[in-house]
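**Student:** Residue-level listing of the chains:
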Amino acid sequence: MDNLIALLVAAPLLGAAVLLTGGRRLDKAGHWLGTLLAAVSFVIGLVLFADMLGKSADDRTLHQTLYTWIPVEGFQADIAFQLDQLSMTFVLLITGVGTLIHVYSIGYMEHDERRRRFFGYLNLFVAAMLLLVLADNYLLLYFGWEGVGLASYLLIGFWQHKPSAATAAKKAFLVNRVGDMGLSIAIMLMFTTFGTFAFGPVLDAAAGGDASEGKLTAVALMLLLAACGKSAQVPLQSWLGDAMEGPTPVSALIHAATMVTAGVYLIVRSADIFNAAPDAQLVVTVVGAVTLLFGAIVGCAKDDIKKALAGSTMSQIGYMVLAAGLGPIGYAFAIMHLVTHGFFKAGLFLGAGSVMHGMNDEVDMRKYGGLRKYMPVTFVTFGLGYLAIIGFPGLSGFFSKDKIIEAAFAKGGTEGWILGACALLGAAITAYYMTRVMIMTFFGEKRWQPAPDPDKAASVEPGADAHPGELPHPHESPKSMTLPMILLAVGSVGAGAFFEYAGFVEWLEPVTGFEHGHSPLSAAAVTTATVVVMLLGVGVAYLQYGRRPVPAVAPRGSLLTRAARRDLLQDDFNHVVFVRGGTHLTRSLVYVDHSLVDGVVNGTAASVGGLSGRLRKLQNGYARSYAVSMFGGTAVLIAATLLMRAV
Amino acid sequence: MNPVNYLYLAALLFTIGATGVLIRRNAIVLFMCVELMLNACNLAFVAFSRMHGNLDGQVIAFFTMVVAAAEVVVGLAIIVSVFRARHSASVDDASLMKL
Amino acid sequence: MSFPLLTVTAAVPAVGAVLTAAVPAARRTAAKWLALLVSLATLVLAAVVFARFEPGGDRYQLTESHAWIKDFGVRYELGVDGIGVALIGLTALLIPFIVLAGWHDADPLETQSKRWRPTQGFFALILMVEAMVILSFEATDVFLFYILFEAMLIPMYFLIGGFGDRAHSGTDENAAAQRSYAAVKFLLYNLAGGLIMLAAVIGLYVVAGNFSLTEIAEARANGQLDMATSTERWLFLGFFFAFAVKAPLWPLHTWLPNAMGEATAPVAVLITAVVDKVGTFAMLRFCLGLFPEASKWATPAIIVLALISIVYGALLAVGQRDIKRLVAYASISHFGFIIMGIFAMTSQGQSGATLYMVNHGISTAALMLVAGFLISRRGSRLIADYGGVQKAAPVLAGTFLIGGLATLSLPGLAPFVSEFLVLVGTFARYPVAGIVATTGIVLAALYVLVLYQRTMTGPAKEETRNMPDLRARELVVVAPLIAVLILLGVYPQPLTDVVNPAVRHTMSDVQQKDPSPEVEAAK
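Chains as they are written, first to last, in my numbering: chain A, 668 to 1314; chain B, 458 to 556; chain C, 2 to 524.
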């Protein structure tokens, strides 16, 4: 069984290699091959899962060591995998949702001439993501970490001819690199503290209290920085909104269900380190709480359906990070919310893609309206995802989110009250903005606009059969697209209850540990409060958007709305401080290099030249002056000789 | 007579010759001044020979005369050809050898 | 007497250079094929050296020693350690690709006569440089090394000054002036460094009485040869200055952007990927081997200079408008990493630095050669003249991206392994320096991705719309380099096996032990 682990990664990797180097011959069959290999990986994952279930809870971890990656004196990095319950959960999520999205993409990317390459990138992503969650040491995790970053870069910028897509891709990679700095420093700190960076020894040593708390806090904060980059948490969240430039299946798979949750995986995986560093844990909860509000507020103001969903993703991952920061009372719920979120958010994105597919790739929700009659399947699946995310009782989001809010209160003390209140407030805002999306898209008047003219065609996703000047003809998407949406909707509905009653927490307990929190509020009170604020949010949104017609042009809005439309001015801050400041810095350095560093050299050269020009004048051609210098020289020599003799 | 006086005379002649070389422009005069310096040296050599009581100085004086004769031949030839080309015996006119 | 493998490895390209130069003017193509064959033969010989080298054996292997100038104790002494083997391999690997990439760079223009001979000269000079570089990696006699160190300037001078990039802005005379400025700057800079080194070489002879690296190092280790502290420091500085110019280390770097900008792309690769490595190699072998105490004394200052190189080079790369100058500044940043790794005085740092030399050579070659192909298509070196190339030439864009990703040290490609080792090795001893250096990985991403975005993405421009994709010859150049980058990125063991023992020897030269981890130390 151990040997199957490498195959999990190898199958999609093979797909990526073949599809990216195979050339045009594979254009016809490339998408089938890519989907097949993702499915193969899923099947292997299921086999391993069945095997794991057959073992006792303490004996479920599998190891496979392939070879030594970097063997250097005192520094040993292996290509080695570790499959435990936590990794298994991720493997099934990644390959399962991944396969569905491969299937969806067959239809979605049908008209794109570069579809083969798209599937190659998708396979590359799946391979790298599996490497990330299967690695048994931090350096190999880093390998996967950067690998998914690369795949994300390539897929965000898939339509490279659009300058906005190319810029968004670059931005995502750069912001992630800032986080990667954190991960490298964390690994270096582990190496100097523990002499290794394999999970087992490092986590054991951290749990055993061998290292000082200061060191562990430093490691934990650096890991948090990395998680902030990858999971779009404040202050490194700015790339996620722009990343929506990528094709919608990419947004669903990478920027909603899997890659952006890698930060949560990192924190939960390093649970022992965080448990030993309470200060760092507090910072984690603060980051989570701030982000869950930040993302929710941004989500309320966006008119672009994908950007509204991106804000929501940010906010939901904020919940997970908050839960992960709570320690053993929250780890399992963070992962549970991660999985349920993977289902409903992927479903919502695929629904959004389906809507765009039928609406000439229009993304502005103000130009939708009344679509429920034209796209019934999309409407129903999207609606179920909607109910799941707002935490409608009985659906999956209800179970996972409710637990996190409860755990936040259970942290205890003033912190617990503040965090719990933030989480409740976030739940209300979530209900508000999701209802807004729902109403603006599927209910109300038709506010459709003619397709954009071909001059602006560069901003239209290829594959759209747009006829300029005509109103869109919304239609239901093909089977290959609706099937994944239906399956994901089933997951959105049932996953929560299934996890709740099948014992998800017990399943993860051997890896993450678990403690029951002691909440100052009773579980029933928290649940009631959650449902009440949810209904409140839905009600406000209904009053604002359901009872009144939606204006086709966005009203100016309050100061907060305008700020939220601009991602709460974070981009403006980045632009002023880093982009403009950096540009000035590099320009002035270019000047310094040219005129100062090189100037010294060129100055030396010039002064040598000038000196020789002056010396040249002594050579005037008059025999007399030469004779004078001869006589003078002789006289000096004689004088010197006499003087030496005298001394 | 004190042989040192010959040395004074030689120094005087050498100085006159050197001054001539430095201040005159006519190539012929310059040449004569060079000869004067050479002969001043010869005088010094002979005087030293006498003072030290050996013949080395006199031998060198003869050598100098031979070399001076050869120099005169070459030098005069150059001066004549320069005069033919430039119709002048001034050394300042022949100042083309410079950078 | 055993077969003089090392001499033959260096002699083959030298003889090949003479033969190539002697090919008649009309048989231009024959000269190219001859040069390619000779470089491939050298590659085979280098592979034999690699195979014959035993990682667990003596420090210097395949040694040869003959008397040369008896009066001064100069000997023709050769021997390789793991570091030398790795760098000989790099040199021999890159030259065939450089020859192939420069296939048409020295062809006569239509205005020139068909009897124009420099085509032969171009390839002969490249082979000559190869011979000298290989021999300098083999030399264990300080004087022999010095001679080669200086002599390789001559062919490089002609390669830079005589065969400029045909893509230039402005008039031909202007370009010629720029080129000769770059060539003279290169020569003067390196000569100045070399002269100071000569003084130090003579000083070393006065103190030690011979030039043999092995003998001097042994005598120093036994305590037979005592050097006054100040003498050792002066001699160290003399050597280090020359190597820092060649490497190049901030603030002695300004010749590199000029030289790389004006030379053709293959020659630029020759400069930065091959010739400059002699500088960093010599720091490891001569500075650390001969003057261990002085090296430790100078370490803090050198680490600071290396850090400045890393950050400064990267920032300047961001600000460049010329593709080739951008790569040059990126190289300065990378040389900062190499030097930092060498002087961090940890096993990881020095192994990393050695791997870095090899990996930087390959990654820069990949990026620069593809950039050269790009430039030759459009006739401009300015980034602003490009845009949307990936639409017309996806393979070119893809290989360019991979070269760029290697430059920014993406895991999975070779440079990541070395860069991370250097960072870890530095961090273990100098945490602050290690942290500052990690900003280099963000800045590297910035200059690479900005370059890629501006040249390859966006709407296609008029001039780039019909740009042809990579031709077969160009693909043959790029594909193997990329394959090596991936191979060494996921499986660097063949290289680390030969490098590790050499690093162990160097570490014992400087009598340093790796700092032990905190937790183990506590136990």
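Calculated from the structure, these hints are not laboratory results.
Take the hints with a grain of salt, since some may be wrong.
Claimed, not checked - Which residues of chain A face chain C? A partial, calculated answer using Cβ under 7 Å: (1) 813; (2) 840; (3) 858; (4) 859; (5) 1254; (6) 1265; (7) 1266; (8) 1270; (9) 1274.
To be verified - Residues of chain C clear of chain A, computed beta-carbon distances all greater than 12 Å: (10) 38; (11) 101; (12) 226; (13) 231; (14) 299; (15) 321; (16) 420; (17) 426; (18) 455; (19) 457; (20) 459.
To be verified - No more than 30 Å apart at the CA atoms, straight line, and that leaves these computed lysine-lysine pairs for BS3-like: (21) A:829 to A:722; (22) C:514 to A:829; (23) A:829 to A:1034; (24) A:1113 to A:1034; (25) A:1146 to A:1113; (26) A:829 to C:297; (27) C:297 to A:695; (28) C:71 to C:297; (29) A:1146 to A:695.
Cβ atoms here follow ideal geometry from the backbone N, Cα and C, with glycine treated the same way.
**Student:** None of the hints should be skipped; say for each whether it holds.
**Tutor:** Now for the hints, and whether the structure bears them out:
no., hint, verdict
1, 813, "5 Å, holds"
2, 840, "6 Å, holds"
3, 858, "5 Å, holds"
4, 859, "5 Å, holds"
5, 1254, "6 Å, holds"
6, 1265, "4 Å, holds"
7, 1266, "9 Å, violated"
8, 1270, "12 Å, violated"
9, 1274, "14 Å, violated"
10, 38, "29 Å, holds"
11, 101, "21 Å, holds"
12, 226, "28 Å, holds"
13, 231, "27 Å, holds"
14, 299, "21 Å, holds"
15, 321, "7 Å, violated"
16, 420, "9 Å, violated"
17, 426, "8 Å, violated"
18, 455, "9 Å, violated"
19, 457, "7 Å, violated"
20, 459, "5 Å, violated"
21, A:829 to A:722, "52 Å, violated"
22, C:514 to A:829, "54 Å, violated"
23, A:829 to A:1034, "22 Å, holds"
24, A:1113 to A:1034, "8 Å, holds"
25, A:1146 to A:1113, "25 Å, holds"
26, A:829 to C:297, "53 Å, violated"
27, C:297 to A:695, "63 Å, violated"
28, C:71 to C:297, "34 Å, violated"
29, A:1146 to A:695, "19 Å, holds"
Of the numbered hints stated above, those contradicted by the structure are hints 7, 8, 9, 15, 16, 17, 18, 19, 20, 21, 22, 26, 27, 28, listed in ascending order.
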